[in-house]
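Q: Chain A is already provided as a structure; the job is to place chain B on it using the hints.
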Amino acid sequence: MSLTLLQVVVSGLLLGAVYALFSSGLTLIWGMMNVVNFAHGDFVMLGMYTAVVVWTAMGGGPWASVPVAAILIATLGVASYFLLVRHIMKGPMLAQILGTFGLALFLRYSAFNVFGANFRTLPDTLVGGSFVLGGIRFEGARVLAGAVGLIVTLALHFMLTRTMLGARMLAVSEDATAAQLMGIRPQRMQALAWALAGGATGIAGAVIATFFYTSPTVGETLAIVAFVTVSFGGFGSVLGALVAGLIIGVVESTSAYLIGPVYKDVIVYVLFVLVLWFRPQGLMGKT
Amino acid sequence: MLRISRRVLVAGAPLAVLGVADESFAQDVVKIGAVYPLSGNSASAGNYSKMAMEVGADVINNGNAELAKILPLAKGGGVPGLKGAKIELIFADNQGTPAAGQNQTLRLISEEKVAAIIGAYQSGITVTASAMAERYGIPFVTPESVASNLTERGFKWFFRVTPVAIDFAKAYSMFLKEQKAAGRKVDSVALVHENTEYGNSVSSVIAEVFAKDGLNITQKISYSANSTDVQPQVLQLKEKNPDVAIFISYTSDAILYTKTMKELNWKPAIMIADDAGFNDPSFVKTMSSLVEGLISRSAFAVGKPGTVPYIFNELFKKKADVDLDDVSARALEGFLVLADAINRAGSTEPAKIQAALKATNLPADQMVTGYDGVKFDDKGQNVLASSLITQMRGGQYVAIWPKARATADVILPYKGW
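Top line first, the protein sequences correspond to chains A and B. Residue numbering for the first sequence follows this note's numbering, beginning at 1 and increasing consecutively. Residue numbering for the second sequence follows this note's numbering, beginning at 288 and increasing consecutively.
If you are wondering where the hints come from, they were derived from the structure by calculation, not from laboratory data. We treat Cβ as the ideally placed atom computed from N, Cα and C, and that holds for glycine. Worth double-checking, as some hints may not be accurate.
Said to hold, decoys possible - Pulled a few chain B residues facing chain A out of the computed Cβ check, cut under 10 Å: (1) A332; (2) Q518; (3) K525; (4) S539; (5) E550; (6) F570.
To be verified - Beta-carbon label-pair distances, calculated as ranges: (7) R471(B) with V132(A): 28 to 34 Å; (8) N349(B) with V273(A): 57 to 63 Å; (9) M93(A) with W704(B): 48 to 54 Å.
The following block holds chain A by itself, in its conformation from the complex (with noise of 0.2 Å):
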């Protein structure tokens, strides 16, 4: 494998973890219950600017920008769930579909209203600058990125299987009145739900923003890859779009670098398609 082709995978490796780091909210909500957030990119987004507002008001980094867009975030979560999605989850599924998306305008026209249309970007020296090992070179923001993102899905996946709380949610996922009945407060595990989407949504959209560009339709673009993320992976399933996150990212940049960069998303596509097809719930999803 020539080096340059070896950088390509190193590469699409890094991208995958950061697309399963913005993925992992959207999977989560919908397996603890069953609702699509049409609004996550928008989080994200969100997410983003709080980089930007820590780092033109104070000069602070992801240090400082991390824990304030997670808990930023992680309270819009909240306050979506009480607000808007406790409500329209009583309704038919076209109810929840339009609610969210509802979300979604509503935050993305606030933020051109606020932020304006410009393109945003923080310094590329925020994050330290490259480094060349073994002939490969990488770089800080991209490096962090893909570090925290394979932290926060593996915490998160963790976090669901193998503690009680993780337990209680699942409980509450699978059967909300037997969860009830067994002591557990199905209200309280939905909005943790969200809380916990939206810290891991927010910290995601914070160390994005330290090499992307922030714009107030980020969100658009970033929501297509983080729903073909999850249902690659399968819905539900942290670990699924921890795995399937990484795929797409290989496969985007080799097939982008040996075949062009337009067809890309074909191949991308296919293979979406091929594993949907063998199986539709997704590389991990439950049946």
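A: Below, chain B without anything else, positioned relative to chain A:
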């Protein structure tokens, strides 16, 4: 039911416009529709263009003493040819998609009853929006869309003020040949372009012109402007390492390329960016320190105090906090050309505006841009449009070519960051 009401709409719209026209002496506003990307990935460019046109409308409606010495329409009090009717700009958001551009154009025509339309920034959207205007017989002026086929469709209501791909391609080619004569290496050229109407058509025109002029295009990379990642493209470039790289990109992708090239530490000796994204004020504001020495094109240079571009730039700065750039200056130019035609038409009737546009003959000293004037050929193309080659120096573009209009010398190789 829907079908019937649409038919009624189709039949009714031109009549309604005519109806308004008959009472032109009584009306106090003339509506101009503007279809621009106010959201979506090119929203930043669209919003600056919007502000530039609003400055233009304000000058015509409320006057500007300094400009009135040069521009007949700047005396204030609206459009004289329409008994002082004020210009009302009605903006519609094309959302960065050809379908929305088309729907919004239909809405402007059938519901807002605009007298003419201006738009739509992205060539791919101008294609669909202008087709709608053509069907209804409403004049459509594009100040900035450069895809060559736009004026090759035999449209009767379509007018383009901007210079086009072939003009830029020739300018780049002549510029590169001069660099070659000066001893710089230009043996291999890479063309990197986004894959909608704009990128495809400009890149193919450049390829044609370069082939004729003996410049070798060794690499062509087509990509989607909505990409989340451009690392593979930059690695392809790095591997082939061409002497010259030409980028035809919108804003979001321009930012990604700039950042990624630094990350992967690759730069060509000569880097050319075909305007668009690389000229967007929000790009220049945040990324200019990473593209020092970038070659671009522009129709706009601020010029000396007392000139039309200088005064308009001062007015624009007050509103937008940034200088006019190539895209917003051309949008303003397009608006002024349309306003001049409406004034001479003395009517809001589309056919009269169309006739007035055909008879447009504006001199160079009335230009906001560096055009030699405005005069349309049979296809609706401004034959007096021209373009400068610029270079990024310390946060702003300065004119470096042609020699006659240059304000600074060329500095190569490309420095980047």
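Q: Can Q518(B) be said to touch chain A, with a Cβ gap under 10 Å?
A: Hint holds; Q518(B) Cβ to chain A Cβ min 4 Å, cut 10 Å.
Q: Taking the CB of N349(B) and the CB of V273(A), does the distance hold inside 57 to 63 Å?
A: 58 Å, holds
Q: With chain A as the partner, please determine if E550(B) meets the hint condition of a C-beta pair closer than 10 Å.
A: 4 Å, holds
Q: Was the hint right that F570(B) lines chain A, CB cutoff 10 Å?
A: 7 Å, holds
Q: With 10 Å as the cut and Cβ atoms as the points, is S539(B) at the interface with chain A?
A: 6 Å, holds
Q: Given the hint of 28 to 34 Å, is the C-beta distance from R471(B) to V132(A) inside that range or not?
A: 29 Å, holds
Q: Holds or violated: K525(B) as interface residue toward chain A, Cβ cutoff 10 Å?
A: With a minimum Cβ separation of about 7 Å from chain A (threshold 10 Å), the hint on K525(B) holds.
Q: Hint check: is the beta carbon of A332(B) less than 10 Å from a beta carbon of chain A?
A: 9 Å, holds
Q: Holds or violated: 48 to 54 Å for the Cβ distance of M93(A) and W704(B)?
A: 50 Å, holds
The structure is consistent with each of the numbered hints, conforming to all of them.
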